[in-house]
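Engineer: Starting from the given sequences, assemble the full structure and let the hints guide the process.
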Amino acid sequence: MQQSASEASPNDHMRDGKLVTADGRPLKASLKTAERRRKIIAFAFVSPLLLFLIVSFIVPIGQMMWRSVDNPTIINTLPRTLEAMQDWDGQDVPDEPVFAALREDLAIAQENRRVGPLAVRLNYEISAARGAFTRTARTVADMEPPYKEQFLDAHRLWGNPDIYQIIKREGRPLTASYYVAATDRRYAADGSIEMRAEHQRIYMNLFGRTFAMSAVILVLTMLLGFPIAFWMAHLPMRYANLLMIMVLLPFWTSLLVRTTSWIVLLQQQGVINSSLVNLGIIDTGNRLSLMYNMTGTIIAMTHILLPFMVLPLYSVMKTIPPSYLRAARSLGANNWTAFWRVYVPQTLPGIGAGGVLVFIISIGYYITPALVGGQSGRMISNMIAYHMQTSLNWGLAAALGSMLLISVLILYWAYNKLVGADIKLG
Amino acid sequence: MALPTYAGPLERFWYYAFRFICCLIFFFLIAPIIIMVPLSFNAQPYFTFTTEMLTLNPEGFSLRWYEQLFSSSQWMRSIRNSLFIGVFSTIIATTLGTLAALGLSRSEMPYKGLIMGLLISPMIVPLIISAAGMFFFYSSVNLAGTFPGVILAHAVLGTPFVVITVTATLVGFDNSLTKASASLGADPITTFRKVQMPLILPGVVSGALFAFITSFDEIVIVLFLASVEQRTIPREMWSGIREQISPTILAVASLLVLISIMLLTTLELLRRRSERLRGLSPG
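Listed in order, the protein sequences are those of chains A and B.
The numbering of the first sequence is the numbering used here, which starts it at 1 and goes up by one.
The numbering of the second sequence is the numbering used here, which starts it at 1001 and goes up by one.
Some clues are possibly wrong.
Unchecked claim - For lysine-lysine, the following DSS-like pairs were computed, each having C-alpha atoms within a straight-line distance of at most 27 Å:
hint, chain 1, residue 1, chain 2, residue 2
1, B, LYS1112, A, LYS32
2, A, LYS39, B, LYS1194
3, B, LYS1179, A, LYS28
4, B, LYS1112, A, LYS417
5, B, LYS1179, A, LYS39
6, A, LYS39, B, LYS1112
7, A, LYS28, B, LYS1112
Bear in mind the hints are in silico, worked out from the structure with no lab data behind them.
Structural biologist: In structure tokens:
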């Protein structure tokens, strides 16, 4: 680059009304090089962190999301069966060649200890599959042709055409079945996708409950946050700072500490119930159940998330000139009209920013619902943790996680829009 | 917002009612945190005030839960682990985050919005998803259940705070200062050490504090990634709440409240120093 520029410098057209630098390079090219170098330097500062995050955060999350569609087990363990099933009509139990292939696949899988994962994978689709595969795989080595009858004798599932439809449908490298399950749907007998019966809809109900609880928490934080932010914004700095510390102290206190304190307060033998009993408001037999249900989760999470509402509201309210309210009053508005029509609209950026923040944090909340939520106070994160750690259905956990992540990203995008609007207003 | 002398009875009522409501909300904010401190001195293994405590009888109070805490090898290990993991993840997060913030605040940085979005993504993604993703990744590279694994994972979570606080300090940074320093013959490293660093230091320190508290308070990642050896304070509290609930947790919680009060004070002092240095506020 430099060489070509210095070679080009003696040429006439370089001096022909064009600026050159001291070493004879055209100014434009020289500036471009300098600018590129500065860009590279700036990027070099950012690149260590960027690389670190991509390797240890972005890629792992991408890999986790990939698990929600990744489906290698069946295609790798039953390749011959899948090939033999090409000619299958899809209606009745298949014929001998399929069973011969299945026997061979299972014999190889048994040797390589791959029956277990296969049985677990198929068990997600039909609940008898684990038993059928593990039990049959132990006997395939002793089977003599023809195999069909022996398979039918080995387990009742082999007489059910559904299992073959499932093998054929899921015998592909990618699957939609985790998403089908995560949205409370299932495959009907003809292969179409239908909603599950009302009482079997777990995940969509849980998503609905998570969003509903987050909405309740959002409204509560707004109702509680607005008055104190308003008060702090209109007090002299000295008192406002003191009150600010009272908002920041919970904000800086460990999450586990705050959750513990709510357990201490809310449990049946806890401070609130004991005080109510001692004051004679309720008797010992009717202690309120404030914990291990939705009430407990909502109370504790409102307390934990309140600072996230107060802080943006306060910073917006600080910028609203008090003269606007006075102007509205002098133009004949009563207190309420002035407040509702003049003041509140100006706080909307703060309400919006705080609201989206509270909502984003609460729909992904795990710890507090897990500790004080009980059965009815659980949220979608708890279900993801359950499938990650207890049921070990990682594909389903990944599908639920991806759905949650996408909801959060959409909300964050909305948050950015709101905060962007806030900056434009200011 | 003082009440004007001509206020009518209704306005007077509203004025006092509003203050009363606000005080109740502040009570709601602060009482649950404060209430644990007296309860942690309970002589009985209950989570409620005994009659002796309410009558301020010295018999009702004791330090037994604090004794139990400091004599328990499990709790002591978790305190050591929390500090160890916190310090090292903070060092990584602060170094990488400060460097990135320096690059991001340069006007010639390309794709600023996109990169900023990527860098703060650990703050936005729900923890359960980060934990699940990292669990698979760290297991595949044999770092699950090891200190480096937990430290790296916590460093990831801490970096957004460092990037945000340092970038915020750099927004008000006067670039003519570095030019002046260069024109007086300082090389870039001296300029950074003597001119830039002292000015962005409050941002770096508060970012580091945020990163430390993030690691110190973090539990979801620890639940997924750590083995018994790496149990931190929140992890020990988690099993304390779930398995054998004892007022020792209240003693730990009271100490943690004390730590957060100290951190809050530090941050407030830093903020004032930063404002004073930039001449934003007198005094």
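Engineer: Now tell me if each hint is right for this structure.
Structural biologist: Evaluation of the provided hints:
1. A threshold of 27 Å between alpha carbons decides the hint, and for LYS1112 of chain B with LYS32 of chain A the separation of about 19 Å falls inside it, so the pair holds.
2. As the CA atoms of LYS39 of chain A and LYS1194 of chain B are separated by approximately 24 Å, the hinted pair is consistent with the 27 Å bound.
3. Distance restraint check for LYS1179 of chain B and LYS28 of chain A: the Cα-Cα separation of roughly 23 Å lies within the 27 Å cut-off, and the hinted pair is therefore satisfied.
4. As the CA atoms of LYS1112 of chain B and LYS417 of chain A are separated by approximately 17 Å, the hinted pair is consistent with the 27 Å bound.
5. Distance check on the hinted pair: LYS1179 of chain B and LYS39 of chain A sit about 18 Å apart at the alpha-carbon level, within 27 Å; holds.
6. Taking the CA atoms of LYS39 of chain A and LYS1112 of chain B, the gap is near 11 Å; set against the 27 Å cutoff, the hint holds.
7. For the suggested pair LYS28 of chain A and LYS1112 of chain B, the alpha carbons sit about 24 Å apart, so the restraint of at most 27 Å is met.
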